[in-house]
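S.K.: From first to last, the protein sequence lines stand for chains A and B. For reference, each letter of the first sequence is one residue, going 620 to 831 in my numbering. For reference, each letter of the second sequence is one residue, going -7 to 305 in my numbering.
Hints should not be assumed to be uniformly reliable.
Stated by the list, open to error - Taking lysine-lysine and the DSSO-like style, the derived pairs with C-alpha atoms no more than 27 Å apart in a straight line are:
hint, chain 1, residue 1, chain 2, residue 2
1, A, K824, B, K239
2, A, K807, A, K671
3, A, K747, A, K791
4, A, K753, A, K675
5, A, K747, A, K680
6, B, K160, A, K791
7, B, K117, B, K195
8, A, K808, A, K753
9, A, K808, A, K680
10, A, K679, A, K747
11, B, K239, A, K781
12, A, K699, B, K160
13, B, K(-6), B, K22
14, A, K747, B, K94
15, B, K131, B, K117
16, B, K195, B, K160
17, B, K116, B, K195
18, B, K116, B, K131
19, A, K753, A, K659
20, B, K49, B, K19
21, B, K94, A, K791
22, B, K131, B, K19
23, B, K234, A, K753
24, B, K116, B, K22
25, B, K234, A, K824
26, B, K28, A, K791
27, A, K807, A, K747
28, A, K753, B, K94
29, B, K57, B, K117
30, B, K131, B, K94
31, B, K49, B, K22
32, B, K131, B, K22
33, A, K824, B, K195
34, B, K160, A, K824
Quick caveat, the hints were computed from the structure, so don't treat them as lab data. These numbers were taken from a predicted model, which means no experiment stands behind them.
Below are the chains, spelled out letter by letter.
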Amino acid sequence: MRKTVIGLMLIFITSFLVKEVNANEYLTYQEIEFEQNGAKLLESYSNGEYEKYYEKLTKKKFWGWRTYIRFENEEVSFLKDTLFVIINEGETPITETFSIKKEEYVKKQYSVTGTLGLDVKASDKGFKLGLEEKLKFSITKTVYTEIEEEFEMKVLVDSMTKLTVEVRGEGKVSNGIAKYYRFFKNVKKGGWEIFVVTTEYYSLKKELINEN
Amino acid sequence: MKTKIVFGLLAFLLVVFIGLLFIPSEKNLKVITSPKIFSLLKSSNNESIEVELLVNKNDTYYFDKDYIFGVSLNSESDEEIIPLEIDDISYGDSLYDFDNDKFYLVNLSLSVGFESKDYLIDFKKAYLDISYNNEENLKLFIGEFNYLFNEDINSDLGISNLSSTVFKSNEINTVSGIFIELYNMSDENLVITSFDLGSTSVKFNDYYLYEIYNEPDLFDSVDEILLVENYDFYIDTSSYNKSMLLKENQSVMLYIPLIYLGEIEYIHRFFFQVNYLSNEGETILIIDDIPYVSTSIFQTSLEDGYLVYEIPN
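Just need the whole structure built from these sequences, with the hints factored in.
M.R.: Below, the structure written as structure tokens:
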């Protein structure tokens, strides 16, 4: 009986480990919407889906990766957290000069689940053990850079309103699963995902403060 | 014995010759620019002008600050030259495949080499001119360049909404119009007359400056917002001033579409000015440049506009 309980606990813990996503910033976005129905993020894969896709990679390998691509360059739109907020709960309008720092521009972000790893040492963080090179599809052709810049503006915030800098964007998502073999033994397996932010849109928005 | 030495020598020379054949000759340096419209307002001393290039070598002295003697921005026939200072040169991590070669992204952070309180640099065609300690020179076309020094403080008008709408012009994502909410903070009535965009080839179409009552969505078309049919982005109907009364302590939501009249058919970031009449006469409000669309200038949809400079070894 004790063994059964321990066994069940192990299965329970493993199910969390399998689904735990070692991920990048994009999973904190407020909304992510796929253009095509049915496409989904890695974090939405069920355990059943993982098992189904692992079964597609039953052929062993002496050394290296076996990969399965479930979604390839699926178009998404997203809403990021707002960058800047001025709240005016007073009774008269206020004017303020705001300045925000825009940090990154288009970029590539990676996530993994299971026992796959991310190379955190590289400045452009990618998968460990050269997984990306083994994924034989063309990731959106563009180059990525980091630019820090500020812009300033004099704004008016009406009574009981808040002013935010909203960032919306578009990107492409590819994901699937992979297994890594050494001497025909499967030593690593899990899900992988690449999220490429291709465009971001900035806007200044006035919203009423919810008095609740 | 002698024959053996001669044959040995010949064999050695043959091996050296074959070896030389297989040593790859050093490739020529290639630099790619993707001309765009620069429209920048100098609003703080921390700002720099970012010029991005693709370069097929990451160890060339052409983009090493220590070997660069000077940088300037030149107009088409060099009749106007603006001195620039290099703040930084950095290489990106990722590679870009183009024309059977791999390219690195090089970012030049530059600043204008003088100060002013009210001055506009507007080059319809701007060239980045880099001169080197060995007297070499590189001249790269970077697009249209507009840079405004302005320290005016406007206390008549405040902004409380500012966003763009976008559309695809020949597969390139660009701004179709601007939505702005203005608030009259002064103690007099103001009359808004026109909008001017900080570019010589992309303008606001004042004929279609309309007051609207609902905030448009980013992807709404000009036709949907203004209830017009087949708005044309490439015909200039802008020489028309409107008069919109904005009473004191009142706000107004306005939408104004753009027109594209030059070779570069996209704009992602720009400053603009609102022209209005007050008791003091014609006055302006300048709106800082915001990245309404933030994306890479190196992507498949822009490849037709790339300029490739090849510098022989």
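S.K.: All hints are to be evaluated individually against the structure, with a verdict given for each.
M.R.: Structure-based check of all given hints:
no. : hint            : verdict
1   : A/K824 / B/K239 : holds (22 Å)
2   : A/K807 / A/K671 : holds (17 Å)
3   : A/K747 / A/K791 : holds (21 Å)
4   : A/K753 / A/K675 : holds (16 Å)
5   : A/K747 / A/K680 : holds (18 Å)
6   : B/K160 / A/K791 : holds (18 Å)
7   : B/K117 / B/K195 : holds (17 Å)
8   : A/K808 / A/K753 : holds (14 Å)
9   : A/K808 / A/K680 : holds (13 Å)
10  : A/K679 / A/K747 : holds (20 Å)
11  : B/K239 / A/K781 : holds (23 Å)
12  : A/K699 / B/K160 : holds (23 Å)
13  : B/K(-6) / B/K22 : violated (51 Å)
14  : A/K747 / B/K94  : holds (23 Å)
15  : B/K131 / B/K117 : holds (12 Å)
16  : B/K195 / B/K160 : holds (17 Å)
17  : B/K116 / B/K195 : holds (13 Å)
18  : B/K116 / B/K131 : holds (16 Å)
19  : A/K753 / A/K659 : holds (22 Å)
20  : B/K49 / B/K19   : holds (9 Å)
21  : B/K94 / A/K791  : holds (22 Å)
22  : B/K131 / B/K19  : holds (20 Å)
23  : B/K234 / A/K753 : violated (60 Å)
24  : B/K116 / B/K22  : holds (25 Å)
25  : B/K234 / A/K824 : holds (26 Å)
26  : B/K28 / A/K791  : holds (24 Å)
27  : A/K807 / A/K747 : holds (11 Å)
28  : A/K753 / B/K94  : holds (19 Å)
29  : B/K57 / B/K117  : holds (25 Å)
30  : B/K131 / B/K94  : holds (22 Å)
31  : B/K49 / B/K22   : holds (8 Å)
32  : B/K131 / B/K22  : holds (13 Å)
33  : A/K824 / B/K195 : holds (24 Å)
34  : B/K160 / A/K824 : holds (24 Å)
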